[in-house]
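Given chain A, work out where chain B should sit, using these hints.
The chain contents come next:
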Amino acid sequence: MLTFKLQRWSAIALLVFLTIHMIFMHYVPPFHISFDVVQARLSTPTWKIIDILFLFSVLVHAMAGSYQVITDFESAFNYRKALAWASVIIVILAFVYGAKTIWAFQL
Amino acid sequence: MSNNDTQRTVTVRIQRFNPDVDKKPHMQDYQVKMWPGMTILDALHEIKTHQDGSVTYRRSCRHGICGSCAMHINGRNTLACKTPIINEVKKNNTVTIGPLPYLPVIKDMVVDRTSFWEQYLRVKPWLIPPDDIPEREFRMSQEEVDALHDAEACIMCGACYSSCAVIGLNKKYLGPHALLKAFLRVLDPRDTAPGERLEIVSQADGVARCHTIFNCIDACPKGLNPTQAIETLRKLAQKRQKYEEAKAERQKHLNEPIPS
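If you read the protein sequences in the order shown, they are chains A and B.
Under the numbering used here, the first residue of the first sequence carries the number -5, and numbering increases by one thereafter.
Under the numbering used here, the first residue of the second sequence carries the number 243, and numbering increases by one thereafter.
The shape of chain A in the complex, shown without the other chains:
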């Protein structure tokens, strides 16, 4: 049930962050995406925090979904605790790696 809840809550968070991302990246000036534009955006602390939270939501949503689908198989279902821990470790590693990358941006 925890996985189910995590997936639903992360889906709501994704909806919010994806809306912010789409509006500011595609529907407001400048209407082109280049490294300079992304670098300028990610050098501000607000955007760093938004994108790190966005990254976290994506990771949680993806891992919760993958865990649910994988444990649908009876053979994997029997190892669900080990799979859950593996998912948590993957999320933590990917989050640290991604967050460090985002945080490193500066003008």
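Read the hints as simulated data drawn from the structure, not as lab findings.
Errors might be hidden in some of the hints.
[Said to hold, decoys possible] Okay, derived cross-link-like pairs now, DSSO-like style, lysine-lysine, Cα gap no bigger than 30 Å in a straight line:
(1) Lys413/B - Lys481/B
(2) Lys75/A - Lys477/B
(3) Lys489/B - Lys(-1)/A
(4) Lys477/B - Lys413/B
Below, chain B alone, put in the same frame as chain A:
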């Protein structure tokens, strides 16, 4: 519908499997002359009586009540006794019949339903009434009856269970039939163990495993909605304690008249 339509000869293609002889299932065709109002079950009777006595299937009431004759007919699970053959032979004059999917085949259309009943018993499908049973009837409001969405009409045919893709992958999943029964008991104001049942359905092989594919709704010959029941159980499982308290309060007034 013309007379020619109802009296023509149709091909009934049956999946045959005899574990004593066959290594794997194979299809066998039979020619059956239709009569007006003929059902798939009638066609099977016709074949078994006049053409091949070895064709094996379950059936009992012939009125869509017992659920014995649930089969896989032209790609969907339904009751053979409720399905007119004329509706199934519109394309290429053939109807294909097989056993319920995802269940071990014992012989021809007879499947082993052990996992179906094991999962069913896990949710404690019986009513657990309060200790002080009133001398007269329990009283339920119309809203309480409506909230059950006719779930008591389930005939345990297994059509929903064996149409569920999750069951196809994992027999440890409770399944739509058991969850529909759990829904019925959890929402029944007379039942005293809603928390216990909500705990059972909240486990890893319970309500969270449903992918809302809706196959169970399509398959149900009684037109029930197990997916909606599962969704309701999911919501109630989130606020289990509050729901238990509300139900305990309701049970104090079970034998009192319902205010109009």
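Hint by hint, here is what the structure shows:
1. Lys413/B - Lys481/B: 28 Å, holds
2. Lys75/A - Lys477/B: Within the cut-off at roughly 25 Å; holds.
3. Lys489/B - Lys(-1)/A: Holds, at roughly 25 Å.
4. Lys477/B - Lys413/B: 24 Å, holds
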